[in-house]
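Colleague: Residue numbers (the numbering used here), protein chains in the order written: chain A, 1 to 508; chain B, 1 to 508.
Hints are computed from structural coordinates only; laboratory data are not their basis. Check before you lean on any hint, since a few could be wrong.
One copy or any two copies: either way a pair holds, since identical chains are not told apart in the list.
[As the list claims (entries may be wrong)] Dumping the calculated DSS-like pairs for lysine-lysine here, alpha-carbon to alpha-carbon at most 25 Å:
#, residue 1, residue 2
1, K143, K78
2, K407, K252
3, K252, K315
4, K143, K39
5, K252, K230
6, K465, K431
Here the structure is a predicted model, which is why all the values come from computation and not from measurement.
Number of protein chains: 2
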Amino acid sequence: MRFAGTLLAAAGLALASADAAGAASPKAAVHAWRQAHEKEILSDFVALLAMPNVATNVADVERNAAYISGLLQKRGFKAQLLTAEPGTPPSVLAELKTPGATRTVVFYAHYDGQPIGQKGWISTPFEPSMRTALPEARSIDWKAAQTLNPDWRLFARSAGDDKGSIQALISAFDALKASGVKPSVNIKLLYEGEEEQGSPHFAALVAKNLELVRGDLLIMGDGPMHQSGKQQINFGNRGITGFRATVYGPLKPLHDGHYGSWAPSPTVMIAALVMSLRDDEGRILIPGVYDDVAPISAADRAALAALPDVETGLKTALGLGRNIGPPRLADGYMAPTLNVRAIHAGDDGPNAANAIPTEANASFDFRLAPGETPRHVRDLTEAWLSHEGWFIVRAAPDLATRLAHPKIVRIDWDEGASIATESPMAGPAAKAVEASISRTVGYPVLKLPFMGASSGMAEIVNQLKAPMVGVSIANYDDNQHAQNENLRLGNLWDGIEVYAGLLADLTW
Amino acid sequence: MRFAGTLLAAAGLALASADAAGAASPKAAVHAWRQAHEKEILSDFVALLAMPNVATNVADVERNAAYISGLLQKRGFKAQLLTAEPGTPPSVLAELKTPGATRTVVFYAHYDGQPIGQKGWISTPFEPSMRTALPEARSIDWKAAQTLNPDWRLFARSAGDDKGSIQALISAFDALKASGVKPSVNIKLLYEGEEEQGSPHFAALVAKNLELVRGDLLIMGDGPMHQSGKQQINFGNRGITGFRATVYGPLKPLHDGHYGSWAPSPTVMIAALVMSLRDDEGRILIPGVYDDVAPISAADRAALAALPDVETGLKTALGLGRNIGPPRLADGYMAPTLNVRAIHAGDDGPNAANAIPTEANASFDFRLAPGETPRHVRDLTEAWLSHEGWFIVRAAPDLATRLAHPKIVRIDWDEGASIATESPMAGPAAKAVEASISRTVGYPVLKLPFMGASSGMAEIVNQLKAPMVGVSIANYDDNQHAQNENLRLGNLWDGIEVYAGLLADLTW
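So here's chain A without its partners, still in its complex pose (with noise of 0.2 Å):
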């Protein structure tokens, strides 16, 4: 009976009550449910991941935002769509309350999606493909097949990023009610729909519906799993400020034989830039953008310090004969890192000539730690810039102005920012989903001060001061953000115990 958990009985933390009322654990019952609906709930995820869902595509989204609604209100919950304005991407917000319950619980995910345009899907994006690992990915006709292998994943966008953490938690409410398991706590489900771009209206949305929002605690199901494969609790995200830098070569293409010694060439020079603002070790190179960083805790250090060796086997699974920064991967996540996104200077492949092109562009963005803003970070990344040389406009320089500046520079801001979010670890609701999940998993749950991602729940905590706690069930290597995203079966059917464990067992 591992719901009832052992590891952590010594802690003295009550029980659900429907543990002692059904004749079955509710953890036995919830796994007994999931088993023998194994099918029905994978039909029902390919077609929630079935529906496009780019974040930059607003119509797309609205119609996942419907169907999510529609979802949610079949199972009794009273759901409505939020928006900061008209024509924003929207929020779903569903709420069912349960008589008795004292907290709430508000429940974060995000059913938005990167973008799907990158090379090498070996499946369509929006048609979830049933495949082994990769990278063998051999298909799977999985409705044919007499039992699922949990080692099998389902690929598509959005799969581990973010619609399993949507999925896990109705399959988990499902399987409660096939059960007769009553939730402990009155449940807030709050599905943001533009997390992948910044979350741009996130703020204004959750400040202009403030107390609908309000809840006791904040659970953010988002992010992977640790590399080790335990679950893992965490407790804050990093902050997020990007840029698009564009640099200015001569008004027209020029035969680089003729004019490669003479006219100054914006390739050269996006690498340039790109090499004053960080090095090949990671190290952003801007001055004071490590000021403000607030001081790591005994306590922080103490949980980094208990997280599994995992840096080994990464480098292997990676192919990767160095890592850059700390030794440790989760100690990166305490300070900024400045990473950048992409570079495009002239034309490369069957396009390619020897030209100087008349422009290049690099993106960026930084991850921002507890203590930075992105204003200030923004302003030190310009102060240093123009320090480097760099004339900075905000539009496409005209000829007087390309004239009059050596080195013009066009930085575009990204619309959506936010500061890091932090929340202690041992506050009474923290300890209890600590509790819950090492209940349900069978083991101390790792615990991680922050995930070096980035997310709208900031927003939230920030304004509404609740405590926050992370919880992630998709597979470290989902490729999320990149092609060939996929959920690892096995993480999907955890994922509906930990959220079962959770929606029937959260008491403090």
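Go by the hints and put chain B onto chain A.
Modeller: Coordinates of chain B only, in the frame set by chain A:
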């Protein structure tokens, strides 16, 4: 009577015998014939440009070769297609003997073109379109026009580089024939079909057909005129060798929030590689790369110093707030240049993702000065990359290689490469060309010791050891190698007269 010339009359050069025979001077006759046949010439040129000729598509290239052979056979030339080996792009060799002539002049041009996939073409590259100059580029119905404005431009791939030279010579031949003017020399036309690929088979083609292509003077009809708008001749081209560098990150794309502080970024690695080879001021950073460069002769220095100042006007026309390298454009041709053709890393625009890509690449070409060899420059480049910590591979690395080496770069050298060509400015054949063109244009033609560009001609010059003179007719702003390539009509008309002058009165 511009054709007879007055400026160089003092040089005492003999005029072509035809000058005395005809009622009008050959120059006047050619001029009149061209004026009377502008639309026919243009129709022929449009038909030639409408044939797709991207150098990588051998079938297209072969169709062009057959078509051009046909044009020349109709005019009495003995034409044949030469190849280095079956399946490689053919060169057209066409020959016409002139009774009594003692000299054979080989006119070189190339009929293949650069790729066409660049963004921003205002018309379709192989549907020639008459327009006013950029940026307005207003479409013109030239067939309905009463007169053709010489400032109009015909937009099409290869209009300037290099089918314009072919059309100008064919029309010059037609003009002389119609005027009853006999050529003064035996004519060979050698039209290459893979120049824009770096002439990978041209050396072998010439070696295999050495006697067929032999001549007493090579005239290379390629490249743009001087930026001042004055006619220039040149006596050499730089060599070329290029490569593509691919660097490797994780085997799978990674979420940059979770892994950006730990996993090496190929995006940053490729920028670092670029900046280790060349700086933003155009200096090549590879040790030894300038050591082989031949010293600049006093004659070359004098010729360079005599070139009109175009740099100030060029900066304004190109919207450049600075130049790199030597202040004078052509001074830079006397040294090697490393051009960074392209950098590609990660996805941008609608496919942008906050991810670390698996690899990144950059593409380079060296323009080589006299004294340098592609082999030695390649060796120096690879030695420097090794010194900088790169492990060089020739194919995508396997897992063991990735794990054994922290920084891996795959280097793919371009198939085509050539050394620089240099021919004496003061030889009798070169002087005859100088005099002929000066007579035609009515002023002392500008002399450029070197073109910045490269040419398959290098192989002929080096094998045949005949003097070479480069004669360019295209407007300098013809956008060769880029989108919106175009030839100014006035340049085509002047080019016809220049070629007619060379055909009619070259003697030495």
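Colleague: State for each hint whether it applies.
Modeller: Do the hints match the structure? See the list:
Proximity of K143 and K78 under a CA criterion of 25 Å is satisfied in neither setting, with 33 Å inside one chain copy and 71 Å between copies. When the C-alpha separation of K407 and K252 is checked against a cutoff of 25 Å, the pair qualifies only within one copy, where the shortest distance is 17 Å, while the shortest distance between copies is 36 Å. In the homo-oligomer, the alpha carbons of K252 and K315 lie at most 25 Å apart only across protomers (12 Å), although the nearest pairing inside one protomer, at 44 Å, exceeds that limit. Taking the shortest Cα distances, K143 and K39 sit within 25 Å of each other inside one copy (7 Å), while across copies they are farther apart (69 Å).
For the homomeric pair K252 and K230, the shortest alpha-carbon distance between copies (21 Å) is at most 25 Å, but the shortest distance inside one copy (55 Å) is not. With identical chains, the CA atoms of K465 and K431 are at most 25 Å apart within one copy only, with a shortest distance of 17 Å there and 87 Å across copies.
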